[in-house]
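Asks: Residue strings, one per chain:
There are 2 protein chains.
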Amino acid sequence: MENQIYLGIDPGFHFTGFSILKLENNKTYLLECNCLQMNSKDTLSKRVGLFYNTFNQKILTYKVTNIVLETSFLGRNAQVFLKLGYLRGVLYLLADQNQINITEFAPTQIKQILTGFGGASKDQVALALKVMFPQLQNVLKNAKSDVSDSLAITLCGVWQNQLKNRLGKIL
Amino acid sequence: MENQIYLGIDPGFHFTGFSILKLENNKTYLLECNCLQMNSKDTLSKRVGLFYNTFNQKILTYKVTNIVLETSFLGRNAQVFLKLGYLRGVLYLLADQNQINITEFAPTQIKQILTGFGGASKDQVALALKVMFPQLQNVLKNAKSDVSDSLAITLCGVWQNQLKNRLGKIL
Numbered sequence: 044m045e046n047q048i049y050l051g052i053d054p055g056f057h058f059t060g061f062s063i064l065k066l067e068n069n070k071t072y073l074l075e076c077n078c079l080q081m082n083s084k085d086t087l088s089k090r091v092g093l094f095y096n097t098f099n100q101k102i103l104t105y106k107v108t109n110i111v112l113e114t115s116f117l118g119r120n121a122q123v124f125l126k127l128g129y130l131r132g133v134l135y136l137l138a139d140q141n142q143i144n145i146t147e148f149a150p151t152q153i154k155q156i157l158t159g160f161g162g163a164s165k166d167q168v169a170l171a172l173k174v175m176f177p178q179l180q181n182v183l184k185n186a187k188s189d190v191s192d193s194l195a196i197t198l199c200g201v202w203q204n205q206l207k208n209r210l211g212k213i214l
Numbered sequence: 044m045e046n047q048i049y050l051g052i053d054p055g056f057h058f059t060g061f062s063i064l065k066l067e068n069n070k071t072y073l074l075e076c077n078c079l080q081m082n083s084k085d086t087l088s089k090r091v092g093l094f095y096n097t098f099n100q101k102i103l104t105y106k107v108t109n110i111v112l113e114t115s116f117l118g119r120n121a122q123v124f125l126k127l128g129y130l131r132g133v134l135y136l137l138a139d140q141n142q143i144n145i146t147e148f149a150p151t152q153i154k155q156i157l158t159g160f161g162g163a164s165k166d167q168v169a170l171a172l173k174v175m176f177p178q179l180q181n182v183l184k185n186a187k188s189d190v191s192d193s194l195a196i197t198l199c200g201v202w203q204n205q206l207k208n209r210l211g212k213i214l
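The listed protein sequences derive, respectively, from chains A and U. Going by this note's numbering, the first sequence opens with residue 44, and the numbers climb by one from there. Going by this note's numbering, the second sequence opens with residue 44, and the numbers climb by one from there.
No lab work stands behind these hints, which were simulated from the structure alone. This structure is a prediction, so every number in the text was calculated from the model and none was measured. Any given hint could turn out to be false.
Because identical chains cannot be distinguished in the list, a pair is counted as satisfied if it fits within a single copy or across any two copies.
[Unchecked claim] Pairs of lysine-lysine, DSS-like flavour, derived with a Cα cap of 27 angstroms:
no., residue 1, residue 2
1, Lys187, Lys207
2, Lys106, Lys89
3, Lys101, Lys89
4, Lys65, Lys84
5, Lys89, Lys165
6, Lys89, Lys65
7, Lys101, Lys65
8, Lys70, Lys89
Turn these sequences into a full structure, and let the hints guide you.
Replies: Listed below in structure tokens is the structure:
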């Protein structure tokens, strides 16, 4: 099987956490784990444009094969929820333009996959990530939660695919 | 003042009504009034891609200078509302990529501008459009309501701009 490159994103108009993982010979390598910060003084369309250009570039640079997202649910503010949809729409567009897969996981699925418990707290998820990526302890400690969230999202994409491949070999 | 070309859109994953109006020497001309239909069997990303390509083409063909949208509010289904955001995000992206203005009007503003009454019914708005565009009677009669909605949205953009220009000359 060819290398699979996963881009997991936790989008936001202020901070967007994203992680890029490579799955090669059944081993997982972290290529980038970062945050895109946008200026809230810029117009909405300018920020949508910056978001598109940033992730278009990442997809081309790393030859991304899969985009992974967390399914979002309505919070307190419907207009914030709608505008999150703008950024998600850009990712669906990039998936189509680059002919790559896009997968969503519900928040409980992500917690279940990472900690074995769908009702896990943010701290429990963060702890699971620290155990798996000890070299990231300092990065994750100083980073915004969007970054570690994006890493959790990306890992779910990777593991789901690994599981599918293993089952494929067994069945 | 140069020609202004307005593209008004009422987006949807099944039917997207759109209208294109030209404002030249203070006269308004209808260039196109149509509906984009998408196949609900296609993936979400394929439909987002088709939506992008269709309106990117319209913007280039007609040299669109302004995009006009109706502000959307949360209805019964939060996930439908979020996915509408995907298409709106694509329009904000196109505005940035083509350096064109994008304006939103609330539903009550649109009714107010077209009929003089913010609480007007859909039928009253449709009647106002028929009076203004008698040549469209047959088109609008057979078209889906998304098409006449998009025409109403586009007209609001045109008139707001005309008003601004007139006030600019007086003040």
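Asks: Now look at each hint and say whether the structure bears it out.
Replies: Against the structure, the hints come out as follows:
1. Lys187 - Lys207: Classified as neither; 32 angstroms inside a copy, 44 angstroms across copies.
2. Lys106 - Lys89: Cα proximity of Lys106 and Lys89: in one copy and across copies (25 angstroms, 20 angstroms).
3. Lys101 - Lys89: Both ways: Lys101 and Lys89 sit 18 angstroms apart in one copy and 21 angstroms across, limit 27 angstroms.
4. Lys65 - Lys84: neither (35 angstroms within a copy, 31 angstroms between copies)
5. Lys89 - Lys165: neither (32 angstroms within a copy, 34 angstroms between copies)
6. Lys89 - Lys65: between (31 angstroms within a copy, 25 angstroms between copies)
7. Lys101 - Lys65: within (13 angstroms within a copy, 39 angstroms between copies)
8. Lys70 - Lys89: Cα proximity of Lys70 and Lys89: none, with 38 angstroms in one copy and 31 angstroms across.
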